[in-house]
Amino acid sequence: MVDTTKNTQIYATWGRKMAKPVNPNVAGKMIAKAKRPLLVVGSEIVDNGQLIEKVVAIAKKGIPVAATGHSITALIDKDIGAKYINVHSLGHFLGDKNWGGLDGQGPYDTVIFLGHKKYYLDQVLAGLKNFTDLKNLAIERHFMQNATLSFGNLKPEVHLEALDELIENI
Amino acid sequence: MSDLETGHFSIDDLENVQITIGKIVGAIEKKAKEEGVEVGPTPKPGISGLRDWDYTLLSRYQPVYTPVCDQCCYCTFGKCDLTGNKEGACGINMEAHQARETLLRVITGAAAHSGHGRHILHHLIELYGEDKPIDVGPSNLVAPNIQLVTGIKPETLGDLEEAMDYVEEQINQLLATIHAGQEGAAIDFESKVLHGGMLDHVGMEVSDLAQVSCLGMPKSDPEAPLVEIGMGCIDASKPVLLVIGHNVAGVTYIMDYIHDHDLEDKIELGGLCCTAIDMTRYQTDQGQKPQAKVVGTLAKELKMIRSGVPDVIVVDEQCVRADVLDEAKKLSIPVITTNEKIMYGLRNRSNDSAADIIEDLSSFKEPGALILNFDTLGEVAPELAIKMAKIRDEIGIKALPSDEELQELSAKCVQCGACEMDCPANLPIMEAMRAGVENDFSKFEYLHDLCIGCGRCDQACPKDIPVLNMIEQASRKLISEEKGLMRAGRGQISDPEIREEGVNLVLGTTPGIIAMVGCSNYPNGTEDLYKVADEMLKRNYIVVMSGCSAMDLGMYKNEDGETLYEKYPAKFLAGNLINVGSCVSNSHITGTAIKVAAIFAQRNVTGNYEEIADYITNRIGAVGVAWGAYSQKAIAIGSGCNRLGIPVVVGPHGSKYRRALIGKPYDEESWKVYDARDGSEMPIPASPEFLLTTAESIEELFPMLAKNCIRPSDNNMGRMIKLTHYMELSQKYLGHMPEDWYKFVRTETDLPLAKREELLKILEAEHGWEIDWKRKKILSGPTMKSDVSSQPTNVKRLCKGEC
Ligand code: SF4
Ligand code: SF4
Ligand code: SF4
Chain X
1 MVDTTKNTQI YATWGRKMAK PVNPNVAGKM IAKAKRPLLV VGSEIVDNGQ
51 LIEKVVAIAK KGIPVAATGH SITALIDKDI GAKYINVHSL GHFLGDKNWG
101 GLDGQGPYDT VIFLGHKKYY LDQVLAGLKN FTDLKNLAIE RHFMQNATLS
151 FGNLKPEVHL EALDELIENI
Chain R
1 MSDLETGHFS IDDLENVQIT IGKIVGAIEK KAKEEGVEVG PTPKPGISGL
51 RDWDYTLLSR YQPVYTPVCD QCCYCTFGKC DLTGNKEGAC GINMEAHQAR
101 ETLLRVITGA AAHSGHGRHI LHHLIELYGE DKPIDVGPSN LVAPNIQLVT
151 GIKPETLGDL EEAMDYVEEQ INQLLATIHA GQEGAAIDFE SKVLHGGMLD
201 HVGMEVSDLA QVSCLGMPKS DPEAPLVEIG MGCIDASKPV LLVIGHNVAG
251 VTYIMDYIHD HDLEDKIELG GLCCTAIDMT RYQTDQGQKP QAKVVGTLAK
301 ELKMIRSGVP DVIVVDEQCV RADVLDEAKK LSIPVITTNE KIMYGLRNRS
351 NDSAADIIED LSSFKEPGAL ILNFDTLGEV APELAIKMAK IRDEIGIKAL
401 PSDEELQELS AKCVQCGACE MDCPANLPIM EAMRAGVEND FSKFEYLHDL
451 CIGCGRCDQA CPKDIPVLNM IEQASRKLIS EEKGLMRAGR GQISDPEIRE
501 EGVNLVLGTT PGIIAMVGCS NYPNGTEDLY KVADEMLKRN YIVVMSGCSA
551 MDLGMYKNED GETLYEKYPA KFLAGNLINV GSCVSNSHIT GTAIKVAAIF
601 AQRNVTGNYE EIADYITNRI GAVGVAWGAY SQKAIAIGSG CNRLGIPVVV
651 GPHGSKYRRA LIGKPYDEES WKVYDARDGS EMPIPASPEF LLTTAESIEE
701 LFPMLAKNCI RPSDNNMGRM IKLTHYMELS QKYLGHMPED WYKFVRTETD
751 LPLAKREELL KILEAEHGWE IDWKRKKILS GPTMKSDVSS QPTNVKRLCK
801 GEC
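In the order they appear, the protein sequences are chains X and R.
Start counting the first sequence at 1; every next residue gets the next number (the UniProt record's numbering).
Start counting the second sequence at 1; every next residue gets the next number (the UniProt record's numbering).
So that you can see chain X by itself, here it is in the shape it has in the complex (with noise of 0.2 Å):
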């Protein structure tokens, strides 16, 4: 089991609400018990193999994924049903109960961020954190203070082992 809950120093904002470190079985069981799960992809995964396929497995337990940035280039050809949309768009449109959503099945309670640059993924839940009453799981190599349950500061090498821990649970 990866111990995912240890490292959180806070390097980007700062507040008094911030996100509870989560280990990866509970983050995944969290995820499977979801209602209306959305996994939001960055653009970061464009040039990680690895994490693409990360991606796609945790898609393939049936989880809807937005691709924002340039990332759907990278789950285009996988057979996951991403759909683009900008990543600050994606964070209005989120705290509007009137949105469709991707597929027009409605808004979304549940929303897992993985692939982002830590400083702009931090501000778009900065906004989801202040504004929405959705959970927001990261699922990043950073410990993102904005969300309501994220990863601690992880080597790479862990976080591609608590991801596969994650997947497993979900």
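It is worth saying that the hints were derived from the structure and are not from the lab.
Among the clues, some could well be false.
[Said to hold, decoys possible] Cross-link-like lysine-lysine pairs, in silico, DSS-like; alpha carbons within 27 Å at most:
{"hint": "1", "chain 1": "X", "residue 1": "Lys135", "chain 2": "R", "residue 2": "Lys664"}
{"hint": "2", "chain 1": "X", "residue 1": "Lys61", "chain 2": "X", "residue 2": "Lys83"}
{"hint": "3", "chain 1": "R", "residue 1": "Lys800", "chain 2": "R", "residue 2": "Lys785"}
{"hint": "4", "chain 1": "R", "residue 1": "Lys557", "chain 2": "R", "residue 2": "Lys755"}
{"hint": "5", "chain 1": "R", "residue 1": "Lys86", "chain 2": "X", "residue 2": "Lys135"}
{"hint": "6", "chain 1": "R", "residue 1": "Lys796", "chain 2": "R", "residue 2": "Lys777"}
{"hint": "7", "chain 1": "X", "residue 1": "Lys83", "chain 2": "R", "residue 2": "Lys743"}
{"hint": "8", "chain 1": "X", "residue 1": "Lys60", "chain 2": "X", "residue 2": "Lys29"}
{"hint": "9", "chain 1": "R", "residue 1": "Lys365", "chain 2": "R", "residue 2": "Lys238"}
{"hint": "10", "chain 1": "R", "residue 1": "Lys743", "chain 2": "X", "residue 2": "Lys97"}
{"hint": "11", "chain 1": "R", "residue 1": "Lys557", "chain 2": "X", "residue 2": "Lys83"}
{"hint": "12", "chain 1": "R", "residue 1": "Lys557", "chain 2": "R", "residue 2": "Lys477"}
{"hint": "13", "chain 1": "X", "residue 1": "Lys83", "chain 2": "R", "residue 2": "Lys755"}
{"hint": "14", "chain 1": "X", "residue 1": "Lys6", "chain 2": "R", "residue 2": "Lys571"}
{"hint": "15", "chain 1": "R", "residue 1": "Lys531", "chain 2": "X", "residue 2": "Lys83"}
{"hint": "16", "chain 1": "X", "residue 1": "Lys97", "chain 2": "X", "residue 2": "Lys83"}
Starting from the known structure of chain X, arrange chain R with the ligands on it as the hints suggest.
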């Protein structure tokens, strides 16, 4: 006395009393009436003057807040936790506080530009007098922003003062609303943000008009000279004088001294940031060669100082690192401050003789001097550089670590990751250290272009490893090759150019204007700018550059060894590449849009902001890109564009501005305009779909640019061209057809010719549109009517029959 609207009068018997009245309410209207000029409804609008227009924009483009800090510590009630949109002790909630923070940022930027404008205007009036005519090239509309906002049609330097007075008064009013216990509604802070942005463009315009008129800068000149740029173009074998900042006023005295004393070949004059751009423009309007070389942007500041190459550093104002003096001291480089905004605790030597100052600084009695007397500055800086070069040579100043030291330093690294976490770009420093131990420094070299030269890694490292110096040492070969060419800022787009190109822009046959502006906080290095400009130029967009982006673009060459400035002409025509100039020249970008409305469409400009902004919003396909936006000035510039309906995309770091303005394409109610012919409502496609937003990578940026150049008034040819680029760029960079392409189709002739049949089939099969296949015509499907003579407007009173 009440008849006296403007001008001067003296009171007999009271000697030396002169009262100048230029701001009495109604004065502008009266003067305009006398001159037969029509004045719009809002000359010199106050904070609430354009509130209705702002509300129109903000109802379609809602503020999206992404706080960097969830607390507020403005007053001593606090600090207050505003998490979850809670209220603080004064009653303000998170939303309103974030909007207030944006406002503070915007007016800080506007104050920087207009403070600069006021300084240089005063200085030039002192030299040339109030009656010095404004001369910016072949234009009747010489001051589009000033005239639009204030109603003043300036003809002389003195006239610019009145515009400046207005800007300063308004900025003060806006600043007052930041105080605790003032505005409580986010949306009204937002309206104030837009007001601040508008003021910024007036302040910038004053600055550039004044300097272009007096300092011999290119006047709307597409043939403005090409100038050398890059760290590699500095000849370190000569005494090197480095100038940093944004206000060229004092520097011109240095340039004159060098010129008058035949020192041009004996001294190397280099500049960083916008002062550099303006130095290359100085006295070139009559064909004189530029005297200075451009080192680059803020990102090169610390790198250049730490290279040890400069012998003297002169700073003026804005975007100058606060640690210049400390860093320079370590390498025995004297620093001269020349502007009250930056004085670094140095002794004021303005009244001392040049010889005394040179003596004190060259003997290291003092690390630098404040010199506000520009005549003295003009002599001290170059003479001191010549003297210091020898002295520093003799001391044998050593700046960067040697290769052996690089390896030793790499070995000190304990791979703790602190540097990477603190690095604004999260650069892979640990990997470079690991390779460094093995004597492989290529990974440091790789970091050079990505690194914004902030020095945070050094501060973070528990082992005191000078990471930035290591990157620079490992990259010295790369740096020596960093040489390019930039076109010196040409100034305004002239009226005749607008007449020639305006129709193509308005009808959409020129696919759009891409204005690449702003600073050097890029997510992925400077080369991305080249890639963006190159792609859009090949596609016939007009690409307009300014400020730091204009510099960085000049550092890259195509396969033929040409920079884009060499390859593309610089007229205001499709497929041309324009550098308008320094930071304050950004006003010429909005000025161009205003000119299109005024000159091409014959709209009245004077004091008529709402109508012109409405025209631009619906008709001019322009998108601003501030890919490396870092400063408060950048968000001020962006907000000024936004109030005119010009959308702006910033790079991912721009999310730290904490607020964006993004529409909801799925909310059909917000995508409607009136047809000014009869006031009827017409649906429009969601473009531009934002006024301010971020993109993650340039691959994402490309289709965003093409799509957001689409405007309701495009004719079929224009829409077809724009849609073609949107589809192609989406396919090229995102690997797929954009999902929403069909929403922009009004009729079959909007479809790209080569793909028309294929796309019609998709419309029929996937979207249920009815097609008459014999005539290849769309019978039903589109939500919009295709009526190119319609007159889209957001302002009901501009419709026929309305008032
Ligand atoms: S300004 Fe208001 S929210 Fe901010 S610290 Fe003071 S009381 Fe608290
Ligand atoms: S100096 Fe360069 S490497 Fe160091 S923290 Fe700043 S951007 Fe990162
Ligand atoms: S902070 Fe210093 S010791 Fe730690 S990884 Fe970076 S360079 Fe190495």
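Do the hints match the structure? See the list:
Of the supplied pair hints, the one linking Lys135/X and Lys664/R holds, its CA atoms being roughly 22 Å apart against a limit of 27 Å. Restraint check for Lys61/X and Lys83/X: satisfied, since their Cα atoms lie roughly 17 Å apart, inside the 27 Å limit. Taken as a hint, the Lys800/R and Lys785/R pair is honoured in the structure, with Cα atoms around 20 Å apart against an allowance of 27 Å. Of the supplied pair hints, the one linking Lys557/R and Lys755/R is violated, its CA atoms being roughly 34 Å apart against a limit of 27 Å.
For the hint pairing Lys86/R with Lys135/X, the CA-to-CA distance comes to about 19 Å; that is within 27 Å, so the pair holds. The hinted pair formed by Lys796/R and Lys777/R fails the criterion: a straight-line CA distance of about 33 Å is larger than 27 Å. In summary, the hint linking Lys83/X to Lys743/R is supported, as the alpha carbons are separated by about 17 Å, within the 27 Å threshold. Restraint check for Lys60/X and Lys29/X: the C-alpha separation of about 16 Å stays at or below 27 Å, so the hint holds.
A C-alpha spacing of about 24 Å is found between Lys365/R and Lys238/R, which places the hinted pair at or below 27 Å, so the restraint holds. Between Lys743/R and Lys97/X, the direct Cα distance comes to roughly 23 Å. Compliance with the 27 Å bound is thereby established for this hinted pair. Between Lys557/R and Lys83/X the alpha-carbon distance is near 36 Å, which puts this suggested pair outside the 27 Å criterion. Straight-line distance between C-alpha atoms of Lys557/R and Lys477/R comes to about 17 Å, which keeps the hinted pair within the 27 Å bound.
Taking the CA atoms of Lys83/X and Lys755/R, the gap is near 23 Å; set against the 27 Å cutoff, the hint holds. At most 27 Å may separate the alpha-carbon atoms for a hinted pair to count; Lys6/X and Lys571/R exceed this at roughly 59 Å. Between Lys531/R and Lys83/X, the direct Cα distance comes to roughly 25 Å. Compliance with the 27 Å bound is thereby established for this hinted pair. For a cut-off of 27 Å, the pair hint linking Lys97/X to Lys83/X stands: about 20 Å separates their Cα positions.
Checked against the numbered hints above, the structure violates hints 4, 6, 11, 14; every other hint is satisfied.
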